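K.L.:
These are the residues of each chain, in order.
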Amino acid sequence: MKQHEQLFTPRRTARKITGVVFYALFLSAVVLSIAGLLTLVIQVLIEGVPWLSWHFLTNYPSRHAEEAGILAAMTGTVYLMVLTAALTIPLAIGAAIYLEEFAPKNWFTTIIEINISNLAGVPSIVYGLLGIALFVSWMNLGRSLLAGSMTLALLILPIVILASREAIRAVPDTYRQAAYALGATQWQVVRGVVLPSSLPGILTGVILAMSRAIGEAAPVIAISALVYLTFVPGSPLDRFTVLPIQIFNWISRPGDDFRGIAAAGIIVLLVILLSMNAVAIYLRNRFQTRSEE
Amino acid sequence: MAEVAEIAINVKNLNVWYGSFQALKDINLEVEKNQVTALIGPSGCGKSTLLRCFNRMNELIPGARVGGQVMFAGTNLYDASVDPTEIRSRIGMVFQKPNPFPKSIYQNVAFGLKVNGYQGNVDEAVERSLRRAALWEEVKDRLGTSAFKLSGGQQQRLCIARALAVEPEIVLMDEPASALDPIATLAIEDLIRELAPEVTIIIVTHNMQQAARVSDYTAFLMVSEERSGYLVEYGPTSQIFTNPKEERTEAYITGRFS
Amino acid sequence: MSIASNTPSAFRRTGRRRAAFQEKLVKRIFFLCALVSVLTTLGILGTLLNEAIKFFLDVPVWSFLTGTQWSPLFSPPYQSFGVLPLVAGTLLITTVAAAVALPVGLATAIFLSEYAPERVRKTIKPILEVLAGIPTVVYGFFALTFVTPMLQKVLPELLVFNALSAGLVMGLMIVPMVSSLSEDAMLAVPRSLREAAYALGATRIQVSLRVVVPAALSGIVAAFILALSRAIGETMLVTIAAGATPKLTLNPMESIQTMTAYIVQVSLGEAVHGSLEFRTIFAVGFLLFIMTLVMNVLGYFVVRRWREKY
Ligand SMILES: Nc1ncnc2c1ncn2[C@@H]1O[C@H](COP(=O)(O)OP(=O)(O)O)[C@@H](O)[C@H]1O
Ligand SMILES: [Mg+2]
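As you go down the protein sequences, you meet chains A, B and C in turn. All the letters of the first sequence, read from the start, carry residue numbers 1 to 293 under the numbering used here. All the letters of the second sequence, read from the start, carry residue numbers 1 to 258 under the numbering used here. All the letters of the third sequence, read from the start, carry residue numbers 1 to 310 under the numbering used here.
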């Protein structure tokens, strides 16, 4: 045993110190991220809150910061989101149902699956290029709300498909078997059993994807360009602007005042985002407690 | 052999809880040095829990609490001043399923040496440990290949070599052969007998024959109505198996209940 | 079913035939929905290639890829189509971001998977998710109006638009991606490996760094690759904070332009379809697409290798 003690020198004190040092490092990494987030939020609040007013929410942009409002961008965002959702939801649910319930196990299905996960990694600005070439020019939709929403729909499609597939997969097989035992066809099972029980999960995925889309500026800017709009779009073929683009526009202008209204715009955007996430979390929790019952 | 029985581990009034559930109740046990002690009993009676008290592995489980004393080399393992890493380098462990690291055979054995700042020749220590685990001849030409390439029985012997490399005074084994085929099981049992004169071995097993074959002492545990484990009987294996004092022990050994 | 002979059989049969037809139709429709994703990829490739090829008829691929001067919007004698300055700008920002995000993200992942009790983990993860969900224009605002002025107090020669603060903030932005993917990889390392190491007398830090991280290495590397690919494609943050001066430089204090920011710059001006200017953004976009694709495929294969291990 003497020899044992000579051969092993675990240096327990040194190891303990190393452990504490690394723990401190790991912890400070976490603290750094959280501090970054806090600083960002506080900075935005300090700059933006003084500029928030009813006037700001109900007026069009202006060359004068104190008169500028966010109405065109807000309505543009709402319209764009509604159109995008209307385009995305049926496509995504259809694709998810196909892949989960109908698709044969063959190479083509594998290609579709790999393709979907790869699309999620394509930079959003590339979707913007697709949109200009395909929707704006080739389909001749112009720099319109419709072209913008079609572009965004393609962008979030992979995300919604993945979320929908998970929701569909979460439906217990016993439900399906019960329906088949009653003599239902596959489509009847999907429509009557699978869809209703996976709907909350799908909805959650849709909302989370929409909250990603709402903040996207790059692909939308490629479609809409930096327009100065003093009207609310009246048809899907009208030109439009959205919150992140309006914010970008204000950030790009010189002067502290425009920085202030940019921050005010950011607050509006973040509030919308937070409420959407709250709804998604609420839905998810309700859904989870339900299925546990 | 029982003349100057040295005590390797002395358990006094040991109680273990997982949250509010008491897994072990009032265990008292003296484990003799350089002998093989088997822990037997029905599944869920706390054999693994007891074994993990000997090297303070239970504290890695959130919510686990230990009360009472485990005396080892004159100190209570659960004293505030005791460093669990020191305990674990002196009391090794082999697990139910072979769990080699996703590294080479050599790296697996050398791991404990590096972690504990081994000053000697690592190559020699690796060879020595592999020889003691009766694995050297089978792997000496491919020390650099992944441990996952070995068969289950070889992997378990590698895990034994890995534990032996740190030169522990005690080796704890939790059903080390339960995941292996009969031939690999026999190899492990032979190995345990060969190691016994130099190290204390405490082995959990659910296999009565195995306990009878490899152990010098046997402790029999059972569960109370509250599902807490307690010690029924403890003594030389020959006595426990041929002439148990407790009727419950006999019933269990003869297979009248599991 | 056919035993039920007392039902009017004619009705049953047409009903069943209609059902079978409906079944087929519905399946076809769903298949088309799934096909949209494949068509999207083909569409991206097609449009990018179509415009890029027209561009390369005017500008040789080689001079595009190796040219060190990017001034496509100038008139002819000064016009130049060497994309390297944009690539260098992109890589410069990505490097700065990586220098922040890889260590911080990995350390966060180790903290969450090896140190933090469940309750702490459940508090920190949503906070990181918020960080990942903030729109990139907001990060751009933060970089330009807060980080740059702060840095300028220490580095007076720092320009208003610079690669440094854009890269630092981008690092903050992709930390959650690095940490959550790395944490997933580390959580997939079996408990039994940690126990084996503890049982040999290893300390927590030794278990983390010598067992868990190496065992999860391919997952961690994949996380790094995917996060960097994200950084390469990130657009608004760099457009806002890094500047619009294509420059072949390694100095992060300078104002630069990334590939993505160039595309936005041209888009803002409502480039006319068919002009050479319009085509440049497709050529740059095509290169960007290839770069991120290569990284994503690389990440995919690294993950695949890691999955096979356990
Ligand atoms: N990590 C744990 N958390 C909670 N309860 C546990 C844990 N591990 C074991 N138990 C409980 O403690 C009792 C003893 O378990 P164990 O020591 O594994 O028994 P054995 O090894 O004899 O089969 C069992 O009732 C088991 O359910
Ligand atoms: Mg057990």
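Some hints could be false.
What the hints assert, rightly or not - Here chain A is said to cover these stretches of chain B; the calculated rule only asks that three of the stretch's residues, wherever they fall, bring their Cβ under 8 Å from a Cβ of chain A:
id : stretch
1  : 77 to 91
2  : 111 to 122
Unchecked claim - Facing chain C, from chain A, some residues (calculated, C-beta under 7 Å):
id : residue
3  : I42
4  : L45
5  : I46
6  : V49
7  : G94
8  : A95
9  : F102
10 : I112
11 : V126
12 : L134
13 : F231
Stated by the list, open to error - Lysine-lysine pairs mimicking DSS-like chemistry, simulated, CA-CA at most 30 Å apart:
id : chain 1 : residue 1 : chain 2 : residue 2
14 : A       : K16       : B       : K140
15 : C       : K125      : A       : K16
16 : C       : K27       : A       : K105
Derived by calculation from the structure, the hints in this document are not laboratory data. It should be emphasised that the depicted structure is a prediction, and the values quoted were computed from it without experimental measurement. For each residue, glycine too, the CB sits at the ideal point set by N, CA and C.
K.L.:
Now, for every hint given, state plainly whether the structure supports it.
P.N.:
Against the structure, the hints come out as follows:
| no. | hint | verdict |
| --- | --- | --- |
| 1 | 77 to 91 | holds (count 4) |
| 2 | 111 to 122 | holds (count 6) |
| 3 | I42 | violated, 10 Å |
| 4 | L45 | violated, 12 Å |
| 5 | I46 | violated, 10 Å |
| 6 | V49 | violated, 15 Å |
| 7 | G94 | holds, 3 Å |
| 8 | A95 | holds, 4 Å |
| 9 | F102 | holds, 5 Å |
| 10 | I112 | holds, 5 Å |
| 11 | V126 | holds, 5 Å |
| 12 | L134 | holds, 6 Å |
| 13 | F231 | violated, 18 Å |
| 14 | A:K16 to B:K140 | violated, 36 Å |
| 15 | C:K125 to A:K16 | holds, 28 Å |
| 16 | C:K27 to A:K105 | holds, 15 Å |
In summary, the numbered hints that this structure violates are 3, 4, 5, 6, 13, 14.
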